[in-house]
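Line by line, the protein sequences give chains A and B. Take the first sequence: its position 111, counting from 1, is numbered 111 in the working numbering, and each next residue is one higher. Take the second sequence: its position 115, counting from 1, is numbered 115 in the working numbering, and each next residue is one higher.
Keep in mind that the hints were calculated from the coordinates and are not lab data. A virtual CB, placed ideally from N, CA and C, is assigned to each residue, including glycine. Among the clues, some could well be false.
[Unchecked claim] When the alpha-carbon atoms are kept at most 30 Å apart in a straight line, the in silico DSBU-like pairs for lysine-lysine are as follows:
#, chain 1, residue 1, chain 2, residue 2
1, B, K54, B, K10
2, B, K54, A, K155
3, A, K170, A, K224
4, A, K155, A, K145
5, A, K172, A, K202
6, B, K107, A, K74
7, A, K29, A, K320
8, A, K74, B, K174
9, B, K107, A, K155
10, B, K36, B, K107
11, B, K51, B, K36
12, B, K65, B, K54
13, A, K74, B, K36
14, B, K51, A, K74
15, B, K36, A, K155
16, A, K155, B, K51
17, B, K54, A, K74
18, A, K145, B, K10
19, B, K174, A, K320
20, B, K54, A, K29
21, A, K155, A, K171
[Stated by the list, open to error] Under 10 Å between C-beta atoms, here's a sample of chain B residues computed to sit facing chain A:
#, residue
22, T43
23, M48
24, P49
25, L108
26, N115
27, L117
Each chain, written out:
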Amino acid sequence: MCCSHSIEDRQIPAGQPESFDINAVKGMKFFDPHVHMTSRTTDDYQAMADAGVVALIEPAFWLGQPRTGVDSFKDYYSSLVGWERFRSSQFGIKHYCTIGLNSREANNEALAEQVMEILPLFVYKDGVVGVGEIGFDDQTPAEEKYYRAQLELAKQAGLPVQVHTPHRDKKKGTQRSMDIAIEHGLAPHMVIIDHNNEETVKEVLERGFWAAFTIYPFTKMGNKRMVEVTRQYGPERIMVNSAADWGISDPLAVPKTAALMKLSGISDEAINLVTYRNAVTAFAQSGQINEDDFAGVIDQSAKFEGNSILRGGQQPRIDKSSIIIS
Amino acid sequence: MQFIDAEGLKTLLTDVIRQNVTPEAQAWLFAQGGLKDLSAFYTAFALMPRKTGKFQINIDESQQKQINRSREGFTINNWTTDRLARVWLLMQAEGENNDAYFNTIEKLFSTGEMNELVALYSALPVLSHPQLWVRRCAEGIRSNIGTVLEAIMYDNPYPAENLDEPAWNQMVMKAIFTEKDLTRITGLYTRVNPELARILIDYARERWAAGRQVDPALWQLAVIFVDETAINQMKRGNWENYTAG
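Just chain B, with the same shape it has in the complex:
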């Protein structure tokens, strides 16, 4: 279980919002009240860009550090104003009853447009009751929308902390298939496992057979569990010692 100073984080995000959106948009946003009025909550979430715009936020280094201290691994660098304000709104939605809370947020996921989905998946590490979102996160990895995948895969501590091994392996493989930058996956080296190494080697073999390239980062992961000499042979296209998994 990860340490989250939820109140401290809310305050920090509120400050960043103050720096980045108009006074009118702030007044409107800060007047939004949680889940008491569901229809107002859904509407506020949907029309966020009309109020806040979609501008890249400015944030200084000390704020970045403080945010990272309030929630390890969490970053809002390079976010847009609508994304940040949506995540802020989601953080106000703490409900008494887990079921109602879950159903409300889940409905946003199931009706989300592209940018809404990006905000929703970026919010996973700061939503309360992390265990509620494991299946949702695994579902998001099945998306084919690039920006949605990146919201889950890049600089997001939630998957490494919460996904089980099959879902984690699926995410890494999906990242490889969709040509993502593997170095931005939080926990890439801490969550690597023998089964993933096997899948990676099988995949490299398949690519070799098809006359296609692989991301070199793949070998750096596999070598943690597979003999380095064998790996070096495979890299050169020598698969004599390879046995299909």
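Just chain A, same shape as in the assembly:
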């Protein structure tokens, strides 16, 4: 989940834009552990696959407006393990998800109760690699209540937790999120604290949690800053994600950050850790990730609409520069 900021708050950064040259990271593979593909187009899947993204995690989140009934949640969760997973497979990208009740909608308590009842139907499913994204938004008592309840669920299911940290009063919200997780007996290595910045990362790492950074224009981290963070703290337990969604965001944030790191002289090993390996290690604690599945091995029997079979990892391409559509 991302921006609660309005468009007017955004400032265009100064400086000459540099073009993204994928050749800098050609042959590297990437894992984007936070991206809301439901809100993205097929073109994005194609671009991500081309840029080396081999697997991703789609956390359950807020869809931009509040849902009013439990069946909307049920259908959303089943789309994350069903249709979206299939759509992703068409491009050779392995799709995982985390399932949870997001903090904003936790504030509708009557509905939240019903959502909590159906969560156990989903958290044990194949390819569900954690409970997420959960945590604080406004830091209300209702948010705290359902954050706690879902930490218990994660503990029971033996799953990692993907924690969304708030935009407002971020530092304190992040600290509280960690305190409460510890209080519920979750080991820090089972908790991924997301949307970190320069102000939160130190404590998160010192306390033994995973520190995820969202490279998201205007409202979260920029990738130049991310290069500096990696330099300062090293690559251990740090991971980057795009959190691309229905806002102005970039599904190529992970490969672009890797490219910028490469050009900035960060070692290949460190780049691999923060753009691939650490996220795999953290979420593989669910027992649900098998790297052999990443190889772009597409189920030969999976076909889509009237398109012809297109294996070898590719959907048929259309030439967008052509006026002819056949």
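Let chain A serve as the given structure and place chain B on it in line with the hints.
Showing chain B alone in chain A's frame:
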């Protein structure tokens, strides 16, 4: 109504499971008890691959034949261990009350992930009360997930036995649109009907107008109800005798 030796089939499937999953997974699976504890049933269904793995099963020819004898047209060849164990679990779920039974299984359908849906639709020919699943089967045909469609269309006797004519025709057309292997549809030639032949010819005409090809199997179906000479002309792109349906 098709003959099903449900008890015999359960025994056969149990044997195949014994041959293909670890003793730990067997012990766990065989201890699962029907619908008495719903939450345990749902959880067992969901986490099946964690227990059984997702390996292709080994099954010998005599077992294949016996399974086919217990339930005509039913096959588990090339299934994976999780798929087989899920179908086995569903077969234990016979309830006293049809409504409760239906609602429970229907909930699995409505919350299913891809592989769960494959197992659920493959189970249709062996679930009790076949008439309960007609609408569900028709709904499954609306899916765009390839493996789910194939679970319904390929080597599955349920659609031919239970779907009404419009739903059957829809399935055949969907198979053509999604470029499935028509020869694997059980009952393809026994359920062909004049209305389907008309739809097929209309479709072939539409493809011809767009400059696209059709699956040759289409003509073999249509010719059962349409004059062969006319068909041969159509194949050559001569549509003079064609009148839109």
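Hints, verified against the model:
Restraint check for B:K54 and B:K10: satisfied, since their Cα atoms lie roughly 20 Å apart, inside the 30 Å limit. The hinted pair formed by B:K54 and A:K155 meets the criterion: a straight-line CA distance of about 25 Å does not exceed 30 Å. Simply put, A:K170 and A:K224 have alpha-carbon atoms about 21 Å apart, close enough for the 30 Å limit, and the pair holds. The straight-line distance between the Cα atoms of A:K155 and A:K145 is roughly 16 Å, inside the 30 Å bound, and the hint therefore holds.
Pair hint A:K172 plus A:K202 holds up; C-alpha atoms about 13 Å apart against a cutoff of 30 Å. Annotation: proposed proximity of B:K107 to A:K74 holds, straight-line Cα distance about 10 Å (limit 30 Å). Of the supplied pair hints, the one linking A:K29 and A:K320 holds, its CA atoms being roughly 26 Å apart against a limit of 30 Å. Taking the CA atoms of A:K74 and B:K174, the gap is about 27 Å. The hint holds against a cut of 30 Å.
Using a Cα cut-off of 30 Å, the hinted pair B:K107 and A:K155 holds, with the two alpha carbons roughly 25 Å apart. For the hint linking B:K36 to B:K107, the alpha-carbon distance of about 16 Å falls within 30 Å, and the restraint holds. For a cut-off of 30 Å, the pair hint linking B:K51 to B:K36 stands: about 21 Å separates their Cα positions. Among the hinted pairs, B:K65 with B:K54 is consistent with the structure: their alpha-carbon atoms are about 24 Å apart, no more than 30 Å.
Proposed proximity of A:K74 and B:K36 is supported: the alpha carbons are some 23 Å apart, at most 30 Å. With a C-alpha separation of about 25 Å, the suggested pair B:K51 and A:K74 falls inside the 30 Å cut-off, and the hint holds. Simply put, B:K36 and A:K155 have alpha-carbon atoms about 25 Å apart, close enough for the 30 Å limit, and the pair holds. For a cut-off of 30 Å, the pair hint linking A:K155 to B:K51 stands: about 19 Å separates their Cα positions.
Under the criterion of a C-alpha separation no larger than 30 Å, the hint pairing B:K54 with A:K74 is consistent with the structure, at around 26 Å. Distance hint between A:K145 and B:K10 is unfulfilled; the C-alpha atoms sit about 46 Å from each other, more than 30 Å. Only pairs whose Cα atoms come within 30 Å are accepted, and B:K174 paired with A:K320 is accepted, the gap being roughly 28 Å. Restraint check for B:K54 and A:K29: satisfied, since their Cα atoms lie roughly 25 Å apart, inside the 30 Å limit.
Distance hint between A:K155 and A:K171 is fulfilled; the C-alpha atoms sit about 25 Å from each other, no more than 30 Å. Proximity of B:T43 to chain A holds as hinted, the smallest CB-CB distance being about 5 Å (cut-off 10 Å). Hint status for B:M48: holds, given a least beta-carbon distance of 8 Å to chain A, under 10 Å. Below 10 Å, beta-carbon pairs count as interface contacts, and B:P49 has one with chain A at about 5 Å; its hint therefore holds.
Satisfaction of the interface hint for B:L108 is found here, the shortest Cβ-Cβ separation to chain A being roughly 9 Å, below the 10 Å cut-off. For the restraint placing B:N115 at the interface with chain A, the shortest Cβ-Cβ distance is roughly 6 Å, inside the 10 Å limit, so the hint holds. Because the closest C-beta pair between B:L117 and chain A is about 7 Å apart, less than 10 Å, the hint holds.
Checked against the numbered hints above, the structure violates only hint 18.
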